[in-house]
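Chains as they are written, first to last, in our numbering: chain A, 863 to 1032; chain B, 8 to 355.
Don't read these hints as lab results, they were simulated from the structure.
Treat the hints with caution; some may be incorrect.
What the hints assert, rightly or not - Estimated spans, in silico, between C-beta atoms of each pair: (1) A:1014 / B:249: 51 to 61 angstroms; (2) B:287 / A:996: 19 to 29 angstroms; (3) B:190 / A:921: 21 to 31 angstroms; (4) B:77 / A:996: 48 to 58 angstroms; (5) B:190 / A:995: 12 to 22 angstroms; (6) A:1003 / B:55: 30 to 40 angstroms; (7) B:115 / A:1015: 47 to 57 angstroms; (8) B:110 / A:1015: 51 to 61 angstroms.
What the hints assert, rightly or not - Simulated coverage check for chain B against chain A, where a stretch passes if three residues somewhere in it have a Cβ under 8 angstroms from a Cβ of chain A: (9) 153-166; (10) 236-245.
To be verified - Facing chain A, a subset of chain B residues (Cβ under 10 angstroms, in silico): (11) 78; (12) 79; (13) 82; (14) 87; (15) 124; (16) 126; (17) 130; (18) 132; (19) 133; (20) 140; (21) 298; (22) 300.
Glycine included, each C-beta is placed from N, C-alpha and C at the ideal position.
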Amino acid sequence: MHLILFVLFAGLCLAGAINLLLQSHPINSALSLIVVMTSLAVLYLLLGAEFLAAAQVIVYAGAIMVLFTFVVMLLNAGQEERTLGSRAARTVGFPAVAAILGVLATIVLKAQGLGTASLSDGITPTEQLSAELFTKLLLPFEVTSVLILIAILGAVALARRGDGERTEGK
Amino acid sequence: MTILQFVIWSLLKVAVVTVVLLMGVAYTVLLERKLVGRIQNRWGPSRVGPFGLLQPLVDGAKSFLKEDIIPTAVYRPLYLLAPIIALGCALISIAVVPFGSPAVTVNGMHLFQISDVNIGLLVVLGITSIGVYGIALAGWSSNNKYSLLGSLRSSAQLISYELALGLSLVGVVLRAQSLNLRVIVESQAGKGLLTWNIFGGLQIIAFLIYLTAAFAETNRAPFDLPEAESELTAGYHTEYSSMKFAMFFMAEYANMITVGCVATMLFLGGWTSPFGNLIPLPQNILLQAILPIFWFVFKVFCFLFLYVWVRGTLPRFRYDQLMNFGWRYLLPIAILNIVGTSLWLAYR
């Protein structure tokens, strides 16, 4: 059962990703990305990470992708123009991608002690996840939040630039 | 219990809940028309059936029989997909709601809850957040200025208020120490009204934030800007007709009912009685099973009543007021509420 679901949703995920690249209309690409995100959530669930699955749907599929579609709608972006691709991209791009994938694959295959995850009925409860997150991984967790804070400040600074002539509060 | 039994019972529960929910949607529409009618000193629908009680059925038949017009300039695939997403998401999220006491089981399976999920609350939030696409895509694919403006407003509004809505629920989760809706309800079961999160749990501020954000989330007055008829004709569903329009309409009311269910479970003690142990449990087994459902439905009904009451009373907000209110007031208050609740739980 788990294997069937895994194959089904991994297939859906890949199909969505390929469709994302092939579609010429931005909104179709955005929707394909949503399919990818939600099928990833199902894969997390199959691995027993229920909180992660829910967070994936709420944050990525529900919030970030809504912003994406929002921007596409706001700009009313039209059809993408098809080109044959630059020669540099073809001569350097494909070998580079192959090399990176090769390196990643060897590292992952050689690495020891990564732990295992299996398709099973087992589920990691949210308490356990948060205990891990707030004790063992506290520093990386907090540092990440500072990173996000910096991003927010950057966005605010960018949005306010050129606002000097206008008076405060309209 | 065998897998076959499980599947049959689950299908049965899904069928019953869906039918009841759709009937609920139909009669919520009637309730709204009747109540708004009384608020405006008129009778509302009263011709079809006794007190107009058969009006929803006639309305449904009318929607089915109307001509289905698809304008030529729409982007067809998404135009057709949008109402399905909207209604589908609105109906799915009810699956994790416990309607009655979990003590009533058949072969060890809860009878009054379709599925008891550990992360029930997050499931509801997740499915609601996917539901936005129904509205967003409807407006965009219609290829109409009004529709596009309506759906842009709606997306922006939903993103803004979802934040406050989610944060207002954190206090409740902290108190119950679980995301499981059944556990959250049971954590308030002790002494009736006094242990409900809204009173005994001191979450009344969170409740008010939830209430406001929920009105915005379901695009209801006074936050119904996405379909403000005086400016946008009908907003995102301007180009939809017949059953496709009815699907958006049903999705809106189903969302209202879901929001009411969530408020009932999280703040008003779910299926527990407001009198706690003051009134002893009835001896009759059937009554024991039905009474919790009565309380649940009654609380959701009160919530829907409030929805209509507010619609009949308050004028619509302006768009900048809406955004200001969401980001400058609701969000900080929700965060303060989390800090306060955590401190109280840590040092009591």
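Hints and how they fare:
no.	hint	in the structure
1	A:1014 / B:249: 51 to 61 angstroms	45 angstroms, violated
2	B:287 / A:996: 19 to 29 angstroms	44 angstroms, violated
3	B:190 / A:921: 21 to 31 angstroms	24 angstroms, holds
4	B:77 / A:996: 48 to 58 angstroms	53 angstroms, holds
5	B:190 / A:995: 12 to 22 angstroms	21 angstroms, holds
6	A:1003 / B:55: 30 to 40 angstroms	60 angstroms, violated
7	B:115 / A:1015: 47 to 57 angstroms	53 angstroms, holds
8	B:110 / A:1015: 51 to 61 angstroms	52 angstroms, holds
9	153-166	holds (count 7)
10	236-245	violated (count 0)
11	78	17 angstroms, violated
12	79	18 angstroms, violated
13	82	8 angstroms, holds
14	87	13 angstroms, violated
15	124	8 angstroms, holds
16	126	5 angstroms, holds
17	130	7 angstroms, holds
18	132	6 angstroms, holds
19	133	4 angstroms, holds
20	140	7 angstroms, holds
21	298	32 angstroms, violated
22	300	27 angstroms, violated
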